[in-house]
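Trainee: This is what each chain is made of:
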Amino acid sequence: MGPAVVAKPQGEGFGLAHYARCFKGIVWREALRFWHQRERFVSALVRPLVWLFIFASGLRSVLGVSIIPPYETYVLYDVYITPGLMAMIALFAGMQSSLSMVYDREMGNMRSLLVSPFPRWFLLTSKLAAGTAVSAAQVYAFLLIAYFWDIEPPSPWGYLSVLPALILAGLMLGALGMLLSSLIKQLENFAGVMNFVIFPMFFASSALYPLWRVRESSPWLAFFSELNPFTHAVELIRFALYEQINFLALAVVLGATIVFLSAAIAAYDPSRGMLKRREGP
Amino acid sequence: MSFSPPDPEAACGQPMGAISSALEVAGVSHSYGKRKALIDVSFSVRRASFCVLLGLNGAGKSTLFSLITRLFAVQKGIIRIFGFDVNRAPGEALRRLGVVFQQRTLDLDLTVLQNLSYHAALHGISAQDTKLRAGFVLDQVAMAGRAHDKARDLSGGQMRRVEIARALLHHPHMLLLDEPTVGLDVKARADILKHVRGLVAQESIGVLWATHLIDEIEPGDDVVLLHEGKILDHGNVAEVAARAGAPDIARAFKRVTGIAGEGTPWDQP
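Line by line, the protein sequences are chains G and A. The working numbering applies: residue 2 is where the first sequence begins, and numbers increase by one. The working numbering applies: residue 89 is where the second sequence begins, and numbers increase by one.
In isolation and in its complexed conformation, chain G is listed as follows (with noise of 0.2 Å):
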């Protein structure tokens, strides 16, 4: 074997340069498999922009959102709705990621990033880190397409200010995904996802109307609704694009972050959660 072209392992531990190389591997493992399924990004797009160019125009005329905070005037619906179809974009982005977990459990892929020497909980949290990092991108190709429509924040800062908004939700959305791909036996399952996942987060939150609204017809939807961390990651992001903070928002996204997360690496692990069980990663 090639004498001293790479040493072999004498028993010391990793550094840091060899967990940013592993980093690195991962996120580029995801990016080129995401180049390689470029239906994946225009269909991401496709969803929010149907409910922006369709819905929303459809609506505008019907439904006005009055002043709520971080709104200081009235504004249009199709305005209100974007940063739901941002969040919308990274819940979705999320459950593909979950999707693609089940997929390559099924393929077999799993297992060479399972049988990779360093702790899986870092395997894991970089897989997700790379899953937002696409994610991200995706919502700023939605936001592009949204500026030629006349929606945009308040001022140009606000596509700053509303990325690590976009980080934090994506990380919450895809830990959650995480954690849903470890539940799942088969892909054949995942179409339950949608039901009682995607559906449920998505229409009892904040991103289609205001909670207050909402209150008024069911006040058990709303209180649901309030219950929801798709909500809060929503008001995250509607605040951000404002550059505002949403405190409470932001502790319930930062909450749901570490409990998804702990729950997936947990469920991930060899000697715990469903691998325990099942006969097979």
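Everything labelled a hint here was simulated from the structure, so no lab data went into it. Even glycine gets a Cβ: it sits at the ideal position worked out from N, Cα and C. Keep in mind that the hints are not guaranteed to be accurate.
[Claimed, not checked] Which chain A residues face chain G? A few, computed with CB under 10 Å, are given here:
no., residue
1, Leu155
2, Arg183
3, Leu185
4, Gln190
5, Asp197
6, Tyr206
7, His236
8, His258
9, Thr345
[Unchecked claim] Within a straight-line C-alpha distance of at most 30 Å, the following computed DSS-like cross-link-like pairs (lysine-lysine) qualify:
no., chain 1, residue 1, chain 2, residue 2
10, A, Lys219, A, Lys282
11, G, Lys186, A, Lys318
12, A, Lys318, A, Lys122
13, G, Lys186, A, Lys122
14, A, Lys282, A, Lys342
15, G, Lys25, A, Lys342
16, A, Lys282, A, Lys238
17, A, Lys342, A, Lys122
18, A, Lys238, A, Lys275
19, A, Lys219, A, Lys164
20, A, Lys275, A, Lys342
21, G, Lys186, A, Lys238
22, A, Lys238, G, Lys25
23, A, Lys124, A, Lys318
24, G, Lys186, A, Lys164
25, A, Lys219, A, Lys238
26, A, Lys342, A, Lys164
27, A, Lys318, A, Lys342
28, G, Lys186, A, Lys219
29, A, Lys124, A, Lys342
30, A, Lys282, A, Lys318
[Unchecked claim] A few chain G residues that don't get close to chain A, going by computed Cβ distances all over 10 Å:
no., residue
31, Val43
32, Leu114
33, Phe200
34, Leu249
Since chain G is already given, all that's left is putting chain A on it; use the hints.
Mentor: Chain A in isolation, oriented as in the chain G frame:
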């Protein structure tokens, strides 16, 4: 082949001074719910040796591989790779291990080189070393000319060769191959077997080769007979055959397992 008795108390995860075993499996049992897949399995693989894990489908070979690679946690017993306990020091154990799973694990959308680069990153290898090393291992398996082809464009045998190259990329001391020749034609099987045997001779890599194909065993090999989750015997081929009172390993396996008589696939070709 040597055997070390289970010694959970001594499983400190530290490399032992002069470690003779590349892989040590001691008192390992594993269950899926109530179904017992492995029962008190113990054997070891010497450094720089070719050891065949022989068993029928469903014997527990893949479960054992999943435990060695820490896809599953060891429920009972100890597995050490060069003295490192896979449960307590998984990083140190896994970095010494190259694995070829029974199921194809290449990313079909990536090129051969991209698959190798991804694997290298998962072992913390720098881009420069990856480039050098990938060229070398692909050359070893005669796949250097396909480095930029997508994995999905390769034949089954070529994919296997790439998977072997990938498993060797991080310079492992021990190689696990789970039914690596299943589904391949006779020539591809022979080529892969010859290449892996060459690794043992030329690069002192310990190999655990799981198979149900008796003709992949050679007289000088070590062999572990696994049947219904239990180790029936292990040792040099000649020793195992002699202990079973059989003239060859095929008949020894039939005798110790009690499987069907003449005319089965277990007869020597």
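Trainee: Does each hint hold? Answer for all of them.
Mentor: Results for each hint:
Restraint check, Leu155(A) versus chain G: the minimum CB separation of about 9 Å is within 10 Å; hint holds. Evaluation of the Arg183(A) hint against chain G yields a held restraint, the C-beta minimum of about 4 Å falling below 10 Å. For the restraint placing Leu185(A) at the interface with chain G, the shortest Cβ-Cβ distance is roughly 8 Å, inside the 10 Å limit, so the hint holds. With a least beta-carbon distance of about 9 Å to chain G, the hint placing Gln190(A) at the interface is held under the 10 Å criterion.
Satisfaction of the interface hint for Asp197(A) is found here, the shortest Cβ-Cβ separation to chain G being roughly 5 Å, below the 10 Å cut-off. Interface restraint check: Tyr206(A) against chain G, minimum CB-CB distance 5 Å, threshold 10 Å, status holds. Given hint, His236(A) at the interface with chain G, is violated; its Cβ is 14 Å from that chain's nearest Cβ, farther than 10 Å. Hint on His258(A) holds. Least Cβ distance to chain G is approximately 7 Å, under the 10 Å limit.
A cut of 10 Å between beta carbons decides the hint on Thr345(A): the least distance to chain G is about 23 Å, and the hint is violated. Restraint check for Lys219(A) and Lys282(A): satisfied, since their Cα atoms lie roughly 26 Å apart, inside the 30 Å limit. Under the criterion of a C-alpha separation no larger than 30 Å, the hint pairing Lys186(G) with Lys318(A) is consistent with the structure, at around 28 Å. A threshold of 30 Å between alpha carbons decides the hint, and for Lys318(A) with Lys122(A) the separation of about 16 Å falls inside it, so the pair holds.
Proposed proximity of Lys186(G) and Lys122(A) is supported: the alpha carbons are some 20 Å apart, at most 30 Å. The straight-line distance between the Cα atoms of Lys282(A) and Lys342(A) is roughly 26 Å, inside the 30 Å bound, and the hint therefore holds. With a CA separation close to 51 Å, the supplied pair Lys25(G) and Lys342(A) exceeds the 30 Å bound. Between the alpha carbons of Lys282(A) and Lys238(A) the distance comes to roughly 26 Å, so the proposed pair stays at or under 30 Å and holds.
About 28 Å separates the Cα atoms of Lys342(A) and Lys122(A), which keeps this hinted pair within 30 Å; it holds. Between Lys238(A) and Lys275(A), the direct Cα distance comes to roughly 23 Å. Compliance with the 30 Å bound is thereby established for this hinted pair. The straight-line distance between the Cα atoms of Lys219(A) and Lys164(A) is roughly 41 Å, outside the 30 Å bound, and the hint therefore fails. Only pairs whose Cα atoms come within 30 Å are accepted, and Lys275(A) paired with Lys342(A) is accepted, the gap being roughly 27 Å.
Of the pairs offered as hints, the one joining Lys186(G) and Lys238(A) holds, with about 28 Å between alpha carbons and a cut-off of 30 Å not exceeded. Distance restraint check for Lys238(A) and Lys25(G): the Cα-Cα separation of roughly 21 Å lies within the 30 Å cut-off, and the hinted pair is therefore satisfied. Using a Cα cut-off of 30 Å, the hinted pair Lys124(A) and Lys318(A) holds, with the two alpha carbons roughly 10 Å apart. Under the criterion of a C-alpha separation no larger than 30 Å, the hint pairing Lys186(G) with Lys164(A) is consistent with the structure, at around 26 Å.
Of the supplied pair hints, the one linking Lys219(A) and Lys238(A) holds, its CA atoms being roughly 17 Å apart against a limit of 30 Å. Restraint check for Lys342(A) and Lys164(A): the C-alpha separation of about 29 Å stays at or below 30 Å, so the hint holds. Simply put, Lys318(A) and Lys342(A) have alpha-carbon atoms about 15 Å apart, close enough for the 30 Å limit, and the pair holds. A distance of roughly 37 Å separates the Cα atoms of Lys186(G) and Lys219(A); the hinted pair therefore is violated under the 30 Å criterion.
Of the pairs offered as hints, the one joining Lys124(A) and Lys342(A) holds, with about 22 Å between alpha carbons and a cut-off of 30 Å not exceeded. As the CA atoms of Lys282(A) and Lys318(A) are separated by approximately 29 Å, the hinted pair is consistent with the 30 Å bound. No beta-carbon of chain A is positioned within 10 Å of the beta-carbon of Val43(G); the least distance is around 17 Å. Annotated as non-interface, Leu114(G) brings its C-beta within 10 Å of a C-beta of chain A; the closest such distance is 7 Å.
Against the 10 Å criterion, Phe200(G) stays outside the reach of chain A, whose nearest CB is about 29 Å from its own CB. Non-interface status of Leu249(G) relative to chain A is upheld: no Cβ of that chain comes within 10 Å, the nearest being about 39 Å off.
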